[in-house]
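The residues making up each chain are set out below.
Number of protein chains: 2
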Amino acid sequence: MEHPENDDMYKGLVVNAGIAQPSSVNPYLKSSKFKRRELTANDYVEGILKGDTVILSRAVTLVESVLPEHHSLAQEVIEKCLPYSGNSIRIGISGVPGAGKSTSIDVFGLHVLEEKGGKLAVLAIDPSSERTKGSILGDKTRMEKLSVHPKSFIRPSPSAGSLGGVARKTRETIVLCEAAGYDKIFVETVGVGQSETAVHSMVDFFLLLQVAGTGDELQGIKRGIMEMADGIVINKCDGDNIDRSNLAAAHFRNALHLFPVPDSGWTPKVLTYSGFYGLGIKEIWDMIYSYMDFVKENGYFEYRRNEQNKYWMYETINEQLRSNFYNNELIAKMLKVKEKMIQEGQQTSFIAAKQLLDIYFSDIVEKK
Amino acid sequence: MEHPENDDMYKGLVVNAGIAQPSSVNPYLKSSKFKRRELTANDYVEGILKGDTVILSRAVTLVESVLPEHHSLAQEVIEKCLPYSGNSIRIGISGVPGAGKSTSIDVFGLHVLEEKGGKLAVLAIDPSSERTKGSILGDKTRMEKLSVHPKSFIRPSPSAGSLGGVARKTRETIVLCEAAGYDKIFVETVGVGQSETAVHSMVDFFLLLQVAGTGDELQGIKRGIMEMADGIVINKCDGDNIDRSNLAAAHFRNALHLFPVPDSGWTPKVLTYSGFYGLGIKEIWDMIYSYMDFVKENGYFEYRRNEQNKYWMYETINEQLRSNFYNNELIAKMLKVKEKMIQEGQQTSFIAAKQLLDIYFSDIVEKK
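Residue numbers (the working numbering), protein chains in the order written: chain Z, 1 to 368; chain S, 1 to 368.
Calculated directly from the structure, the hints in this document are not laboratory data. Where a beta carbon is used, it is the ideal one built from N, C-alpha and C, also for glycine. Hints are supplied without guarantee of correctness; some may be wrong.
Claimed, not checked - Among the chain S residues that face chain Z by a calculated CB cut under 10 Å, a handful are:
(1) Q75
(2) S85
(3) H251
(4) N309
(5) M313
(6) I317
(7) E319
(8) R322
(9) F325
(10) N327
(11) E339
(12) S349
(13) F350
(14) V365
Start from the sequences and build out the full structure, keeping to the hints where you can.
Okay, here's the thing in structure tokens:
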């Protein structure tokens with residue numbers, strides 16, 4: 001659940017070159033004497049299309065707002081930006097804690113801006129940010145160079161809620177950023193399994209960061225994540241760690257052989273690099289751009305974006321159906337009772353489910 | 001969707017030592033002059049508890065019936081059997097076509113019956129069986145020895161429907177078989193990805209059958225399946241194929257290192273065997289029984305069965321919520337329209353979803 005304290009996560013927020021987070025749509029400031037002028041949908045859209053980062057930030061805050069009265073305005077802004085979106089490379093970046101994600105994103109981002117020009121937006125998905133108070137991307141010092149770069153826009157994960165809700169907000173933010181001319185989008189995630197699936201379903205290329213472990217083992221890959229990767233890059237391949245990193249790379253290459261070729265037809269690559277010393281960064285970008293050429297040529301790029309759009313419609317429907325059900329008061333009360341009956345062998349899972357569904361649908365009808 | 005032709009899949013069905021499939025609950029025989037006496041719930045339960053395989057078969061057919069009037073009787077029988085269920089080892093067996101699943105199940109089954117006594121039920125989940133007309137377990141000749149063994153009960157996959165529906169029926173059949181004294185349950189599946197997840201959520205041990213490929217590569221493991229396995233066994237480790245099989249085993253062992261230790265605390269094992277020559281079978285059973293000792297001692301066994309029961313309640317609810325929605329006539333009509341609008345960039349996925357949900361909930365209320 002979202003509550004006022006979540007706003008803490010915006011403290012220390014980086015919005016392009018140190019511009020502070022606008023708070024006009026923060027409900028807790030509504031009573032302030034000096035509140036900012038409310039923007040119309042057209043104000044937002046015009047500002048976004050001009051690439052105004054202050055307006056863009058305010059639009060993202062609007063999208064993230066939990067207030068029902070903001071929803072329709074947010075949706076109107078997104079709809080109007082939609083025709084201007086889509087022209088970017090979207091890259092998902094995942095890695096375990098300790099893999100050096102922030103340093104890597106900093107180095108990757110700087111490199112691509114210098115070599116290719118354009119603008120970069122760095123977003124995040126972290127459904128656990130209520131607990132961690134938004135540590136993901138929330139700390140300015142973590143991306144030293146990007147955070148002060150005029151062509152970058154860094155935005156932390158939307159405040160906590162269901163994964164589906166957090167992911168939806170990030171996905172809508174991609175639309176706004178693209179309309180504002182950001183042609184490179186990073187979506188960072190924390191490596192906790194389910195959020196990778198969400199990121200995977202909104203990016204073109206999924207990059208998995210790893211480090212060689214202390215032995216010949218690799219650290220904590222969660223279920224199914226390796227199989228999503230279009231590229232696996234092993235950080236900290238420097239100094240004493242070069243042999244271990246190369247060995248780790250060989251292990252990953254062997255392991256990738258065990259999986260079938262992905263739908264894209266692209267065989268995932270494994271590379272080593274050093275984020276700290278800036279080694280091997282060009283090779284990573286070469287890989288990403290080769291991938292883009294490859295999937296644009298074979299038609300997978302367009303196919304996948306289209307599938308992703310449909311996926312999000314179905315995902316939103318399914319999430320909403322579930323949340324309507326589980327947030328129903330009667331159901332919330334009955335669930336524990338049914339769980340106990342099942343545990344004690346008094347009722348089958350299926351009868352319990354059926355009875356709960358009957359209660360729910362009767363309740364919907366009665367309430368109207 | 002299920003339709004009369006599905007009954008074809010019961011042709012050639014093996015129900016213990018060649019006893020034919022009873023057809024008393026087949027609606028298409030209802031008009032027959034010589035129809036069998038209808039059984040009451042108590043008749044079914046009494047027969048099952050006595051281990052009467054004819055009654056057990058009829059009860060399974062009842063559970064699988066698509067006729068609404070059979071549902072409540074089926075549920076009553078299951079509820080009454082529930083207190084007598086649970087005392088078995090449930091083993092999921094998956095493997096790609098060509099891995100020699102039938103031969104292996106035949107050999108594994110015979111071995112455990114000879115060494116440990118008791119009774120073995122072999123069930124299956126194959127949501128694609130509408131297409132294949134139930135080839136999975138449907139062909140008597142595929143399990144030469146088990147099919148004529150007095151202590152075995154072989155039952156093909158329930159006829160086609162949604163995976164959720166098929167899985168539910170198999171899971172209910174496990175309850176009936178356990179109540180009938182089957183203390184070893186195999187649940188076979190076809191290696192098509194989603195059905196593995198369903199099987200994994202109803203068994204204690206998940207066994208993945210593999211064969212070494214023609215090169216040093218291994219054949220077609222679907223996403224996420226390797227990570228479910230408690231044991232990977234490589235078949236056809238005989239003759240010319242011994243070196244290849246051992247190499248494959250080494251590859252799997254290396255690959256398993258890349259994954260974190262499963263919640264059970266058990267490190268998955270990789271073994272080689274020859275189903276055809278009956279080599280290495282004892283070692284596979286030793287592995288399974290070590291696993292059972294291990295998880296019973298550390299409490300994971302009970303924990304997981306409990307979690308599985310709850311999982312099935314939630315899964316049934318979620319599946320029903322979705323199926324109510326997508327089978328709604330208005331929704332079915334509107335979905336394609338919305339998909340097209342999304343594809344053409346006229347509407348966001350989220351607005352399309354919201355509009356469909358509004359239509360659906362209004363329709364439910366109106367219909368009552």
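The hints, checked one at a time:
At its closest, the beta carbon of Q75 (chain S) sits 6 Å from a beta carbon of chain Z; the interface hint therefore holds under the 10 Å criterion. Below 10 Å, beta-carbon pairs count as interface contacts, and S85 (chain S) has one with chain Z at about 8 Å; its hint therefore holds. Residue-level restraint check for H251 (chain S) holds (minimum Cβ-Cβ distance to chain Z is 6 Å; threshold 10 Å). Taking 10 Å as the C-beta contact cut-off toward chain Z, the hint placing N309 (chain S) at the interface holds, the least distance being around 5 Å.
Because the beta carbon of M313 (chain S) sits about 4 Å from the nearest beta carbon in chain Z, less than 10 Å, this interface hint is met. Because the smallest distance between the Cβ of I317 (chain S) and any Cβ of chain Z comes to about 5 Å, under 10 Å, the interface hint for this residue holds. Because the smallest distance between the Cβ of E319 (chain S) and any Cβ of chain Z comes to about 9 Å, under 10 Å, the interface hint for this residue holds. Look at R322 (chain S): its Cβ gets to within about 6 Å of chain Z, closer than 10 Å, so that hint holds up.
Annotation: interface hint on F325 (chain S) holds; nearest CB of chain Z at approximately 6 Å, less than 10 Å. Of the supplied interface hints, the one on N327 (chain S) is violated, with its beta-carbon coming no nearer than about 13 Å to a beta-carbon of chain Z, more than 10 Å. A distance limit of 10 Å between C-beta atoms decides the matter here; for E339 (chain S) the minimum to chain Z is near 6 Å, and the interface restraint holds. With a least beta-carbon distance of about 4 Å to chain Z, the hint placing S349 (chain S) at the interface is held under the 10 Å criterion.
Against a cut-off of 10 Å between C-beta atoms, the interface hint on F350 (chain S) holds, since the closest Cβ of chain Z lies about 5 Å away. Interface restraint check: V365 (chain S) against chain Z, minimum CB-CB distance 4 Å, threshold 10 Å, status holds.
Hint 10 from the earlier list is the only one contradicted by this structure; the remaining hints agree with it.
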